[in-house]
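Enquirer: Given chain A's structure and the hints, the job is docking chain B onto it.
There are 2 protein chains.
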Amino acid sequence: MEIRRYKHDAAYSYTLGMALTIELISKKDSYLIRKIYVHPDYVPKDNKYNIFKICKEAQLPIEINQKIFNRLSTKENVYVIGIFDKHDRNVESGKSHVVLVNPSDSGNLGTILRTGLGFGFKDYVIIKPGVDIYDPKTIRSSMGAFFHVRFTYYDSFEQYRQEFLNHQMYLFMLDGKCNLKDMREMPQKKPFSLVFGNEGSGLPDIFHNYGDSIYIEHNHEIDSLNLSVAFGIAANAFSE
Amino acid sequence: MEIRRYKHDAAYSYTLGMALTIELISKKDSYLIRKIYVHPDYVPKDNKYNIFKICKEAQLPIEINQKIFNRLSTKENVYVIGIFDKHDRNVESGKSHVVLVNPSDSGNLGTILRTGLGFGFKDYVIIKPGVDIYDPKTIRSSMGAFFHVRFTYYDSFEQYRQEFLNHQMYLFMLDGKCNLKDMREMPQKKPFSLVFGNEGSGLPDIFHNYGDSIYIEHNHEIDSLNLSVAFGIAANAFSE
Numbered sequence: 001m002e003i004r005r006y007k008h009d010a011a012y013s014y015t016l017g018m019a020l021t022i023e024l025i026s027k028k029d030s031y032l033i034r035k036i037y038v039h040p041d042y043v044p045k046d047n048k049y050n051i052f053k054i055c056k057e058a059q060l061p062i063e064i065n066q067k068i069f070n071r072l073s074t075k076e077n078v079y080v081i082g083i084f085d086k087h088d089r090n091v092e093s094g095k096s097h098v099v100l101v102n103p104s105d106s107g108n109l110g111t112i113l114r115t116g117l118g119f120g121f122k123d124y125v126i127i128k129p130g131v132d133i134y135d136p137k138t139i140r141s142s143m144g145a146f147f148h149v150r151f152t153y154y155d156s157f158e159q160y161r162q163e164f165l166n167h168q169m170y171l172f173m174l175d176g177k178c179n180l181k182d183m184r185e186m187p188q189k190k191p192f193s194l195v196f197g198n199e200g201s202g203l204p205d206i207f208h209n210y211g212d213s214i215y216i217e218h219n220h221e222i223d224s225l226n227l228s229v230a231f232g233i234a235a236n237a238f239s240e
Numbered sequence: 001m002e003i004r005r006y007k008h009d010a011a012y013s014y015t016l017g018m019a020l021t022i023e024l025i026s027k028k029d030s031y032l033i034r035k036i037y038v039h040p041d042y043v044p045k046d047n048k049y050n051i052f053k054i055c056k057e058a059q060l061p062i063e064i065n066q067k068i069f070n071r072l073s074t075k076e077n078v079y080v081i082g083i084f085d086k087h088d089r090n091v092e093s094g095k096s097h098v099v100l101v102n103p104s105d106s107g108n109l110g111t112i113l114r115t116g117l118g119f120g121f122k123d124y125v126i127i128k129p130g131v132d133i134y135d136p137k138t139i140r141s142s143m144g145a146f147f148h149v150r151f152t153y154y155d156s157f158e159q160y161r162q163e164f165l166n167h168q169m170y171l172f173m174l175d176g177k178c179n180l181k182d183m184r185e186m187p188q189k190k191p192f193s194l195v196f197g198n199e200g201s202g203l204p205d206i207f208h209n210y211g212d213s214i215y216i217e218h219n220h221e222i223d224s225l226n227l228s229v230a231f232g233i234a235a236n237a238f239s240e
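Residue numbers (this note's numbering), protein chains in the order written: chain A, 1 to 240; chain B, 1 to 240.
The shape of chain A in the complex, shown without the other chains (with noise of 0.2 Å):
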């Protein structure tokens, strides 16, 4: 089967470079890796970062292939490539979420899974409509992250709301109730939801009805924080 540039009903996705193409083969237990591609110009950087050696070690396919590369990488600097199957990894009760409220862009979700790792959270919520994310542009963003987070698409707040009742929710809004810094002296109820509106219009007026609304304190010279930045304020505060 012909490898294709990434669409959202493909059955597999890749890694484009070699960082990420090691981060996905260390977690090869996870997923089933299809076949790894180099391109005819790649040289290894030293004997530890040497693909086909790691390959080889891994017992993995490899191919060297300059086609796919025109195929699916519009950057230059790209000369390894791993194909693997999509393969969900749900998350867990009893540990803290990130919830986001349909994001649209692919780079945010990944800053935001690559920050949040970092702060210690693995579970993330996605609610329909939102991206992809076994979108290339998202697994690159997230500087390999995603091969170490769990997630789930629903189709309504109210439906992931129902499944885990015993989640506290705290709803970051820009008209939120209370303030960022003052919630780091009260004691944090576990598990706990972190819940982001989208990119653009934020959190619809009724989530202020599902728990805890909170607002990090900024001047109005700006209308909004950037997405992945708000996250990372919260995840550090909620971080332990």
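Don't take each hint at face value.
Just so you know, same-sequence chains aren't split out, so a pair can sit in one copy or run between any two.
Unchecked claim - 25 Å max Cα-Cα, derived DSS-like pairs, lysine-lysine:
(1) K181 x K95
(2) K28 x K53
(3) K45 x K67
(4) K75 x K86
(5) K27 x K95
(6) K56 x K137
(7) K75 x K7
(8) K137 x K75
(9) K122 x K181
(10) K45 x K27
(11) K181 x K35
(12) K28 x K181
Simulated from the structure, these hints should not be mistaken for lab results. Being a predicted model, the structure only gives us computed values, none of them experimental.
Expert: Coordinates of chain B only, in the frame set by chain A:
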């Protein structure tokens, strides 16, 4: 003179999109605006956001022109462009600064301006080599914050430091000596400078000599935080 796609040595830069262009026009006392270009398919949103009305009131030249959009914009949803002369507004003494050493990503720089402005930082120092703050990509990702900040480029950090010896330097480094969380309780010595390194390589070791090095605590599942996220967490902690 024909307006071409932005290059570093151009005497002008431009805003891509209606919201940014309105921000530019609101700053017409600080910037010489050459002309506002409107796409033939432009439709005013309402009477308040009618670019023809706004330009008339501001006494600015306006031109309907399709070709310039093909030349300057890669995005499809841009119907208004504002061309303005570059004009340096240097950082002020006595104010706290944000110092970026060798920043390499225009999008990150824009997000930093947006975030920083929201937390009260109006003065930005860039140590060369660094991306061009006038790049339309930076202006766009700043969401207009660009027009409300001051900035100066320096050839070296040493040169900057000599000029602002009264500044308390806070150096953000992966191997910093103080945890940012512990800094919150400490009195801040003003004016101060928040100093950040390059996206990939961070601040060189020598920066340990220049003041108090600080780290943002995260686990070892990630190598580092994204620069604009790290900056957001820091700026939030140091905001008034």
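Enquirer: Each hint: holds or not?
Expert: Evaluation of the provided hints:
no.	hint	in the structure
1	K181 x K95	both (23 Å within a copy, 24 Å between copies)
2	K28 x K53	within (16 Å within a copy, 60 Å between copies)
3	K45 x K67	within (23 Å within a copy, 45 Å between copies)
4	K75 x K86	within (23 Å within a copy, 31 Å between copies)
5	K27 x K95	within (21 Å within a copy, 48 Å between copies)
6	K56 x K137	neither (27 Å within a copy, 43 Å between copies)
7	K75 x K7	both (18 Å within a copy, 21 Å between copies)
8	K137 x K75	both (11 Å within a copy, 18 Å between copies)
9	K122 x K181	both (24 Å within a copy, 22 Å between copies)
10	K45 x K27	within (22 Å within a copy, 50 Å between copies)
11	K181 x K35	neither (48 Å within a copy, 44 Å between copies)
12	K28 x K181	neither (41 Å within a copy, 37 Å between copies)
Checked against the numbered hints above, the structure breaks hints 6, 11 and 12 and satisfies the rest.
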